[in-house]
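A.B. asks: Residue numbers (the numbering used here), protein chains in the order written: chain A, 60 to 328; chain B, 175 to 559; chain C, 1302 to 1466.
Just so you know, the hints here were simulated from the structure itself, not pulled from any lab data. Wrong hints could be hidden among the right ones.
Stated by the list, open to error - Here are some chain B residues the structure puts well away from chain A; computed CB gaps all over 10 Å: (1) 182; (2) 256; (3) 293; (4) 300; (5) 328; (6) 332; (7) 337; (8) 360; (9) 361; (10) 392; (11) 436; (12) 450; (13) 452; (14) 473.
What the hints assert, rightly or not - Example chain A residues on the side facing chain C (calculated, C-beta under 8 Å, incomplete): (15) 102; (16) 105; (17) 252; (18) 257.
Said to hold, decoys possible - DEER-style ranges, computed between Cβ atoms: (19) 149(A) - 449(B): 53 to 63 Å; (20) 1332(C) - 175(B): 22 to 32 Å; (21) 191(B) - 1332(C): 29 to 39 Å.
Backbone N, C-alpha and C fix where the C-beta goes; we use that ideal spot for every residue, glycine too.
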Amino acid sequence: MGIDRREFIRIAGLSTLLGLGGKGAFELLRPGQVEAAMEPAPGALEGKRWAMVVNMQKLDDATASKCAEACHRVHNVPDFHSPKDPKDALDPAVINRYEIKWLWAEHFHNAFPGEEQEMPEKIKALPFLLLCNHCNNPPCVRVCPTKATFRRDDGIVMMDMHRCIGCRFCMAGCPYAARSFNWRDPRPFVKDVFPGYPTREIGVVEKCTFCAERLAQGLMPACVEASRGALVFGDLLDEKSKVRETLKKYFTIRRKTHLGTNPQVYYIV
Amino acid sequence: MLEKALVGTKRYYGLLAILAGIFALGFLFYLKQLQFGLGITGMGRDVSWGLYIAQFTYLVGVAASAVMVVLPYYLHNYKAFGRVTILGEFLAVAAVSMCVTFVLVDMGRPDRVLNVFKYPTPNSVMFWDIIVLNGYLLLNILIGWNVLECERHDVPPPKWLKPFIYISIPWAVSIHTVTAFLYAGLPGRGYWLTAIMAPRFLSSAFAAGPALLTLLCLIVRKYTKFDPGKEQIQTLGKIVTYATLINVFFFFCEIFTVFYSQIPDHMLHFQYLFAGIGDKARLVPFMWFSIVGMITAALLLVNPGFRQNETTLAALCGLVIVTTWLDKGLGLMTGGFVPNPLEKVTEYWPTMPEAIITLGVWAMGFLILTLLYKVAVSIKEEIRS
Amino acid sequence: MADNNYKNEFGFFAERPKVEKKFYDRKKVIAGLVIFLALVTLPLWPNLGKTIPAPQRQLDTPVIQKMAEKDRQCLMPTEWMRANHMQMLVDWRDTVVRSQEQGAPSVREFVTPDGRKYLASLTNTCMDCHSNKVQFCDQCHNYAAVVPNCWGCHLETGKKLAEAK
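Use the sequences and the hints to build the structure in full.
C.D. replies: Structure below.
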């Protein structure tokens, strides 16, 4: 034999690397793609720049709750206030930490922090519906290390739960606190499971996706359908869309525009 | 050379056993975290980064401080540091291993970590952070090991090593800068959105790292036959002094910009940290201790009398380590997330499992440090005999 | 040859000094090897002597039974499906979620080679016919010790069947 310890370790290491590398190369070069086409569903809605207008003049507490409920119901968003099994009940502080919300309401001074002027009491009490703004220049997309969140060509900032590594950099990057993380298994807190959409697992970030899966089937987003006209959704780059008409008719404000994110949710106050 | 780490005194084995025990405990709690989710920590929707990422940020600083001993020796021929460069490099290896482990422990889906390499995203600072951290780890292992081995056989280091040594100097600055850029480029976080974030990271790194290295040198002198040298420790002390002074100065620069400009969004974070918002004031005592302690340490360290007395030097270095840890490890993370972008205050405090996992990773780092230092010190003892 | 510097610059395959062959620590090494082999084969021990039955996939779900014999075909031929269903699902996943990343239109439907169109969805298409996961999918998965991690998120009962209940 006459081989010394260092030699042995060197050869063992190289063989391991070759073995692993060989397997990897085999996987990469092996053929086997699906040989059939995929195409859009009939009636799918196509847009070039989806946007939403929230008409606060038509929104009250009851309607705002209905919109949030509709969204959370069709996406199986867990409600940590009401577990399926009462034994899983959580402390309020813990509920505040684990909370997952895609669409929710806040008062003016939280929705538009820094705007501290005198205003009618009525406006101070309005439930401003907050959600992901699907910014045109999204900081969350800029920071994601795996492109698990990416900006689609139609403007929607999409989430790929399959790729997310749960680093939460996007949550730090979002100036609107629109993103939630699955700090634990959500399934014990999803009372009525909606079968048309998956739930999520622990360790991934989620947020509003402008109901991309509904748009692809020709349906309006769930919150828009439940809003009784308070939420207007459409293609900003389509001259004849309802969103363009609404924006031409009313003055709107957006959240934190000075940050340059170019948010695409407009508020009529 | 690894065989040097396998033999030692009973005290050495005892230390290894204690560290391994703490690591094993942390590992068990980590298994629980893998099964339950990151919800066993104190993090939440509003404070989505906590103790783990704070430790990672602090340790990146400690790791980069190896450059503070490498630079004078290799670039400016400060021969005295020849004795301690290996200690600095091995400290960097231990610190960077802890950094990488903290990032893994903080991930929601560590099983998908390879996605970062499978889908490289150059516009993401985190992508670059992972690359530079791993690169720095490899560099320090390569350089430290080779130089030590050459020293053992009393030959000069091979010529091909020199470029790696020279690269490690700007690379050390880069691991810091890239980590600071993780924070400094986020438009929604006023506390972090400051150009001085990277310089502050560097200054507190060059304070904390050499302070830790000074303490380690004193420990090595006390418990082994290898003496890093009085002059070396004094020079390290001077580096700590000036870095701490600069760190305090940078802090005052931030205070001025924020409070003179009176922008409410930026002031609120400092207000939370140093005065509390409403009744939410959990971090106030820690932040005041941190800044007052840092100023005290800086002013006392300026006095050569305190530096030359190695007992007071050790105490002041310890103070520097604690205060920079509170500033970077606790204040930086929480200050950035509180109040949240909706100006609501959700406080953060680590939970017991989170603290144990953190201690476990620190124990792992110190275990690596002990093993590597044993090798280095044994070789140095061997040469000198 | 009796030189101390027997290594050349590559460190191997140089002239080596003759060393007497001796098996040091024989007892400890053999004991260690035996323990190692025992530990490595540990997963096999509980199943010694048992016969595990072959997987028996059941196709008797309500939706399949309702179809006429000649219509009972999956999206792709059985042999192809058996080999490639995971690849197909991964392709569906990447296309449905990410097709818009490269400017392609948002796609949702899968077209089989013979022109039939189906919604590309595990829960709402595959599980619609194969609604008996335990008697169908799990049969082969358990036998092959495969644990697909789809079910952590994707539901087992699709829309049509849930509404029928």
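A.B. asks: Give a verdict on every hint.
C.D. replies: Here's how the hints hold up against the structure:
Every C-beta of chain A lies more than 10 Å from that of residue 182(B), the closest at about 20 Å, which supports listing it as non-interface. At the 10 Å boundary, the C-beta of residue 256(B) stays outside the reach of chain A, the nearest C-beta of that chain being 27 Å off. Non-interface status of residue 293(B) relative to chain A is broken: a Cβ of that chain comes within 10 Å, the nearest being about 5 Å off. Distance check on residue 300(B): its Cβ comes as close as 4 Å (rounded) to a Cβ of chain A, failing to clear the 10 Å threshold; non-interface status is violated.
With a closest Cβ-Cβ approach of about 19 Å to chain A, residue 328(B) is found to remain outside the 10 Å limit, as its non-interface label requires. No Cβ of chain A comes within 10 Å of the Cβ of residue 332(B); the nearest lies about 17 Å off, and the non-interface call holds. Annotated as non-interface, residue 337(B) keeps its C-beta farther than 10 Å from every C-beta of chain A; the closest such distance is 23 Å. Under the 10 Å C-beta cut-off, the non-interface status given to residue 360(B) relative to chain A is violated; the minimum distance is some 5 Å.
Once the 10 Å rule is applied to beta carbons, residue 361(B) is inconsistent with being away from chain A; the minimum gap is 4 Å. Annotated as non-interface, residue 392(B) keeps its C-beta farther than 10 Å from every C-beta of chain A; the closest such distance is 35 Å. Annotated as non-interface, residue 436(B) keeps its C-beta farther than 10 Å from every C-beta of chain A; the closest such distance is 12 Å. For residue 450(B), the requirement that its beta carbon stay farther than 10 Å from each beta carbon of chain A is met, with the minimum near 18 Å.
For residue 452(B), the requirement that its beta carbon stay farther than 10 Å from each beta carbon of chain A is met, with the minimum near 14 Å. Every CB of chain A is more than 10 Å from the CB of residue 473(B) (nearest about 35 Å), matching its label as outside the interface. At about 10 Å, the closest approach between the beta carbon of residue 102(A) and any beta carbon in chain C exceeds 8 Å, and the interface hint on this residue is violated. A distance limit of 8 Å between C-beta atoms decides the matter here; for residue 105(A) the minimum to chain C is near 7 Å, and the interface restraint holds.
Among the interface hints, the one on residue 252(A) holds; its C-beta lies about 6 Å from the nearest C-beta in chain C, closer than the 8 Å criterion. Here the hint on residue 257(A) is kept, as its CB sits about 4 Å from the closest CB of chain C, short of 8 Å. For residue 149(A) and residue 449(B), the hinted distance range of 53 to 63 Å is not satisfied, since their beta carbons lie about 31 Å from each other. Look at residue 1332(C) against residue 175(B): about 29 Å separates their beta carbons, and that is inside 22 to 32 Å.
A hinted range of 29 to 39 Å for the beta carbons of residue 191(B) and residue 1332(C) is inconsistent with their spacing of about 24 Å.
The structure does not agree with the numbered hints 3, 4, 8, 9, 15, 19 and 21 stated previously, though it agrees with the rest.
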